[in-house]
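Residue numbers (our numbering), protein chains in the order written: chain A, 1 to 237; chain B, 1 to 87; chain C, 1 to 618; chain D, 1 to 463.
Since the hints were derived computationally from the structure, they do not count as laboratory data. Source: prediction; values computed, not measured. Nothing false has been slipped in among the hints.
For each label pair, taking beta carbons as the anchor points, the in silico distance ranges come out as:
| no. | chain 1 | residue 1 | chain 2 | residue 2 | range |
| --- | --- | --- | --- | --- | --- |
| 1 | D | VAL23 | C | GLU584 | 52 to 62 angstroms |
| 2 | A | ALA182 | D | VAL430 | 42 to 52 angstroms |
| 3 | A | GLY12 | B | GLN54 | 27 to 37 angstroms |
| 4 | C | LEU460 | D | ALA451 | 50 to 60 angstroms |
| 5 | D | ALA451 | C | ILE257 | 47 to 57 angstroms |
| 6 | C | ASN176 | D | ASP414 | 49 to 59 angstroms |
| 7 | D | ASN380 | C | HIS26 | 55 to 65 angstroms |
| 8 | D | GLN87 | A | LEU108 | 42 to 52 angstroms |
| 9 | C | PHE592 | D | ALA435 | 33 to 43 angstroms |
| 10 | C | LYS437 | D | LYS426 | 41 to 51 angstroms |
Using N, Cα and C, we set each Cβ at its ideal position, and we do this for glycine too.
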Amino acid sequence: MKNFLALLAALGLGVLIILSLQNNTLFNEYGEDVTGRDSEEYGDREYGEENPASGPANIVTSIVADFRSFDTLGEITVLFVSSLGVALLLGGTKQKRLDLGFHPNFMLRIGSKALFGIILMTGVYVTIHGHLTPGGGFPGGAMIASSMLLLYLADDTFRAKIKGFKILESVAGSLYVLIGIAGLFFADYFLENFLNNGVVGDLLSAGIIPLIYVLIGLKVGSEISGVIDNFLTEEVV
Amino acid sequence: MLDNIEVLQVLEIVIAVFMVVLAFLAINSKSLIKAVMFLSALSMLSVIGFVVMQAPDVAVTEAVIGSGLVTSLFVFTLLATKKVGVK
Amino acid sequence: MELSIEIFILATLAFGLMAYVIGRLHKQLGSIMTILGSLTIFGGIAYLGFTGGLTGETAYLTFTQFEISEFGLFFAIIVSFVFAMVSFFNPFFIKQYKYPALYSMLFMFSLAGAIGVFFSSNLLYLFFFFEFVVWTSLFLIPMGRSKKAASWYYGFSAAGSFMLLFAILMIYNANNGSFHISGIGSVTGTTQIIVFIFMSGAAFTKLGAFPLHIWLPKVLTNAPDPVSAVFSGGLEKLGAFVALLAIVNMGGIGFIIPSIDMYFGQMIIATLGALTIVFGTLMAIRQDDAKKLLAYSSMSNGGYILVGFSMLTSQGVAGGLYHIVAHAIASTAAFLAIAAVARVAGTTKMKELGGIIHKMPVTYMVYLIAIISMAGIPPMGGFISKWMIFQAVIDKGMIFIAIATVFGSIGSFLYVFRPLAALFLGQELPQFKKTVKEAPFFMLLPMIILSLLSVYTGVLPGVIIDFINKIFVDMQLNYNIVMNGFAIEGYTSGIEGVGPSLLNPLLIACVFGVGVFVAFLIFIVLKKSKKIDLMDTYTAGNFVYTEEHLHYSVDFYAPLERLYEKYIHIMKNFYKSLANKVREFGAFMKYFFFTNKPEITVFWIVALMVFLLWGDVL
Amino acid sequence: MSAILLIAVPLLAAFISILVKKVSPYLLLLVSLFALVYPFFMDMSDVIIGGFDSPIGINLVVNKFALTSLIAVNGLFFLVVAVNIAQYKKLSSILLVALAGLNGLLLTGDLFNLFVFIEISGIAAYLITTTNKKPLQTFNYLVAGTVGSSLYLLGLIILYNMSGTLNMADMATFVEGNGMYTLFPFLLMFIGLGVEAKLLPFNSWVKGILGHSNNLSGAMIASVYATAIALVFGKLLAGVFQIEGTLALIIALVLGITILAGEAMAYASTKAREILLYSSIAQAGIVILLFTVGLGAWATFFAIANGVSKFILFGVVNRLTEEVGSDEMDQLKGSFVNNKLIGVSFTVAALSILGLPLFFGFVVKMNSLIGFFEPDFVSNLPGGNFIFPIIILVASVIEGVYFVKLLTKLWYKDSDVKVNFTPLFKYVVVVLAVALIVFGLFQGEVEELVASLINPGGVFIWN
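Throw the hints in and build the complete structure from the sequences for me.
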């Protein structure tokens with residue numbers, strides 16, 4: 001009964017949302033026509049052209065890391081404070097690996113170690129090419145972290161050097177803010193893209209955006225790695 | 001013959017229905033580990049959904065975080081808690 | 001000499017602070033500051049008030065405005081006088097209290113607040129001072145016997161104050177954003193009725209009138225002894241002040257009841273006033289604690305004031321005002337006398353006391369005079385006011401109200417003489433033989449002054465009647481009380497050739513004086529009574545072998561009490577159950593909303609969605 | 001200088017602080033002091049972020065309202081931190097993030113950005129409450145808070161879909177023409193914020209959190225966070241939401257029940273902390289009510305006065321509880337007999353909440369009530385002109401009774417409870433109490449201050 005009611009409530013909510021979405025007045029049709037919109041200039045870019053006023057080749061990136069970079073900074077902070085919380089609750093001074101009750105066999109060990117490099121490289125690639133291809137700092141960082149996870153799986157005594165992650169995390173975060181403040185001092189606005197935009201499609205283009213994405217990737221990767229470490233260790237009683 | 005777009009729209013609806021079902025199962029399953037698996041499957045489906053809706057960026061992120069990392073963290077936590085329960 | 005009233009308020013506050021600082025160093029010195037302070041304030045206000053030297057200019061308290069009105073002055077003089085008289089008691093009681101320095105400070109602060117109320121011409125700041133009095137006096141109460149009385153007091157006071165505030169805000173709204181006090185009279189229509197209801201509600205709470213009286217007996221019984229006197233004689237009169245503003249200033253409210261030529265609003269107030277009288281009287285009869293008894297008598301006297309005001313005739317309103325004076329004096333004196341007894345005997349329970357007259361004859365006399373005045377017997381002040389109120393009521397032809405007032409007077413005889421008999425007369429108890437002494441001079445002084453004033457107001461009402469006439473002129477009321485020589489003119493009977501009824505208090509006093517003198521002579525010359533030892537008695541044909549306490553204060557009116565004892569707690573139970581209902585509601589909500597389940601939150605979200613759907617959104 | 005530094009500097013400090021654990025408490029103190037002082041020196045102009053003009057880009061709205069709220073919230077934050085940091089050094093990074101989040105909440109002029117800051121400050125709050133050592137209660141808070149912010153996000157998505165804008169001012173102009181369609185998303189957002197703002201049906205978390213709070217979490221959640229959330233709520237209610245029709249009815253119901261039930265629940269409680277927490281539910285209801293009916297300027301100060309008082313009340317009660325071992329009123333009785341200074345401050349704070357004269361609370365409560373009765377005041381809630389003042393007054397009566405009960409118990413019973421308060425805490429509490437009195441005495445000045453929040457047209461400005 002309870003389940004049924006819950007289902008009913010969820011369905012009701014869904015219906016309400018769909019109905020109210022149909023009431024919209026501005027985007028009542030998902031048309032391709034973007035003329036007259038602010039996003040117009042992002043739509044008609046060609047590979048190899050000079051970049052418009054702002055923006056990398058990947059439009060999503062231009063939204064995430066430039067247009068709403070401040071929100072992204074906020075989201076980084078959300079992740080940061082979450083990992084702090086995990087460390088606060090789970091982390092202690094003296095820690096050892098959690099005994100999960102299984103020991104990796106030979107195949108798992110070797111296979112994981114082989115995969116580690118590949119995944120790590122993928123993560124790095126995704127991060128660095130965030131302004132050109134789908135992906136970017138968040139998934140890239142998560143990939144880096146999942147490669148760390150593999151290491152943890154491969155060896156039940158493995159501990160990452162958390163101290164190093166801490167430094168990475170801190171420096172990456174600080175640099176993000178500092179880039180923002182630099183924008184404030186060099187070019188009037190906080191987080192403004194004050195570097196040259198370059199040519200669409202080049203690796204070194206779109207100003208500070210690749211920089212920011214790399215920082216995000218590092219930060220996300222190190223933070224999630226830290227979280228994983230905290231989850232997989234326990235305090236020595 | 002169905003149009004490309006129409007196929008995708010049908011797919012969207014199928015995915016949506018499956019997602020709802022999976023969410024329901026995840027909430028209601030007695031075994032926690034099963035619930036985690038349902039959740040993982042749910043986010044995998046949502047990845048497909050995102051791809052269908054032409055949002056590769058989101059899809060990549062969801063794939064890595066939603067079905068990869070989060071699931072593994074859940075599993076580890078379950079393993080760890082089980083241990084305390086055995087004691 | 002001219003001085004602004006704000007100087008007095010600031011000076012009172014300053015005296016309070018000084019009393020605190022000095023009180024921290026030496027308890028009694030601090031309370032002596034309260035004597036100096038309140039005497040100064042009383043003297044200043046009375047002197048400048050009568051010589052016209054008070055002004056309402058504000059130089060320091062610029063946020064508010066003051067105006068010197070005759071009725072404000074009237075109340076201010078009475079209240080500051082009561083404070084001044086009571087303050088003499090402070091040094092003797094201060095040691096009993098938990099926070100002596102704070103006591104002295106708050107004592108002065110509540111006086112400052114009261115003066116502020118009487119002179120504010122800005123209604124909002126009238127409320128400001130009103131609330132100020134509430135919280136300053138609030139912390140005086142728990143220094144006495146019970147801590148619970150404070151929350152009862154605050155509950156009712158706050159309800160009253162907020163009723164006043166609501167009325168004030170309605171006036172503000174109706175008068176295009178003006179808080180001036182003259183706005184009370186200029187509201188009309190429904191607003192007028194609402195304002196009237198809420199203002200009289202405020203007056204009722206403050207005056208402790210039925211059905212908002214519960215706090216009064218509790219506070220007067222449990223507060224420190226001097227504070228009880230202050231409440232009964234002084235702070236309670238804030239309610240009378242609001243009643244004057246509401247009932248008299250606004251005039252008749254509602255439709256006219258043709259058979260008695262009165263407005264409906266008047267009728268209601270008069271009825272409730274009469275109920276207050278009856279209820280207070282009946283409750284007072286039952287009490288064993290002398291303070292509680294006086295508390296209920298205080299309540300019933302508040303009813304007289306309301307009945308007087310509600311008549312809206314010269315005699316009625318003047319009677320009400322006169323009663324304020326008379327009751328302030330008499331009840332302060334009575335409470336002080338009881339306080340003096342309590343100080344040496346340690347209790348105010350009538351069962352446990354007796355024969356104190358032998359040790360405290362002056363206190364006895366003071367108490368005697370006070371209760372004579374409260375019972376409305378000539379030649380004391382209470383007689384004159386009650387006479388005027390009777391006249392007004394009977395002239396209106398309101399039989400039941402008249403019966404109630406008469407009943408109250410007779411009831412007064414019944415109850416006020418009980419403490420007299422139980423505390424002062426009767427056998428002298430062995431445990432008091434050594435400990436009990438007559439009060440020191442500085443405690444006797446205010447009591448004697450009050451007694452003399454009781455007699456004075458009862459014999460020569462001219463000064464006060466003049467003052468009341470000035471108030472009528474000041475408030476632009478069409479009333480007037482004519483003094484015919486020493487006599488007060490009442491109503492004309494309507495019979496040809498017969499003039500208006502006359503009350504000549506001087507004459508009455510002379511007759512009375514002669515009577516008392518004769519009685520005294522007889523008492524002296526033909527003395528038959530002799531003092532006997534407690535053991536020198538017998539009961540039911542047997543000698544008494546132990547020193548038992550034999551007097552007639554316990555269950556004295558038992559047959560009478562039995563008639564109504566089922567019904568006495570109606571209002572109290574009502575408020576108790578109200579409080580319980582609030583508590584139950586709270587507990588229910590707690591149980592309902594604050595379980596440890598986040599699902600509850602989700603449930604409510606869904607519920608509101610459904611509510612929205614059910615509405616007209618989609 | 002630009003207002004962005006109020007967010008950027010705490011964030012930067014937070015990122016750095018995890019490296020230098022030893023210094024981080026001092027860093028926290030330094031930064032929160034900076035955040036307190038900085039608003040006085042910053043430019044009073046809107047800040048654009050990333051070079052995209054509003055309404056396209058994110059902007060920070062800097063005006064008198066934001067300035068007032070910043071000073072109040074950061075001031076309270078600084079005091080809470082200064083008093084408690086020695087005991088909770090571990091939390092300094094989290095507190096730095098919380099500071100950034102709170103400042104962001106108060107400054108941002110973008111609805112999605114607001115969501116981000118709700119999340120930041122929310123997660124920080126969950127972590128702060130873990131110090132209560134009541135994991136289940138914290139978990140409840142987390143679930144409720146997350147549901148709330150998800151609902152807010154859901155509503156926002158729908159709104160964005162309709163209007164194509166996230167900027168508050170732009171949204172307000174959009175909403176004006178399309179009131180009907182926006183009801184549902186507004187309801188979602190109202191509920192979402194209502195969870196954080198402790199409105200009644202959605203606040204089941206409050207009891208678990210504040211009922212077991214400690215020195216830090218009690219003052220933080222009940223004072224700093226409550227003030228901030230109330231002010232943010234006010235910003236949205238005054239600036240973005242259009243309240244009419246069914247939404248108005250729902251809000252009126254929710255607020256009325258919140259106020260009355262909050263006071264009734266406090267009246268039914270016997271534990272000191274529970275009394276305070278239920279009373280703060282009612283106060284939150286009153287503040288949001290004032291914002292809703294359009295008395296924003298006074299509501300702002302109402303929230304601030306409440307925040308200051310709650311700081312004192314929760315701080316003192318939590319310390320007493322810690323020492324005595326229970327927060328039952330009967331156990332605490334007589335605690336002030338030996339701690340007079342603290343007791344007087346507590347009393348002042350309580351009386352200020354009751355709205356008694358001489359104290360800040362009186363000025364605020366009276367003027368708010370007068371606002372209802374201004375001749376040209378028209379409420380946008382059903383029955384707003386007369387019913388709500390009555391509700392507030394009735395609530396005040398109930399409130400008075402239980403506070404007086406509490407005060408008499410704490411002052412007048414005999415006991416040998418002797419609690420040591422740290423000198424710093426004593427000074428802070430006394431200074432705040434004095435501030436309540438000073439603001440209460442200089443009413444004219446306060447009124448001028450409030451008047452500066454109101455446009456010439458008589459409308460409360462938020463932008």
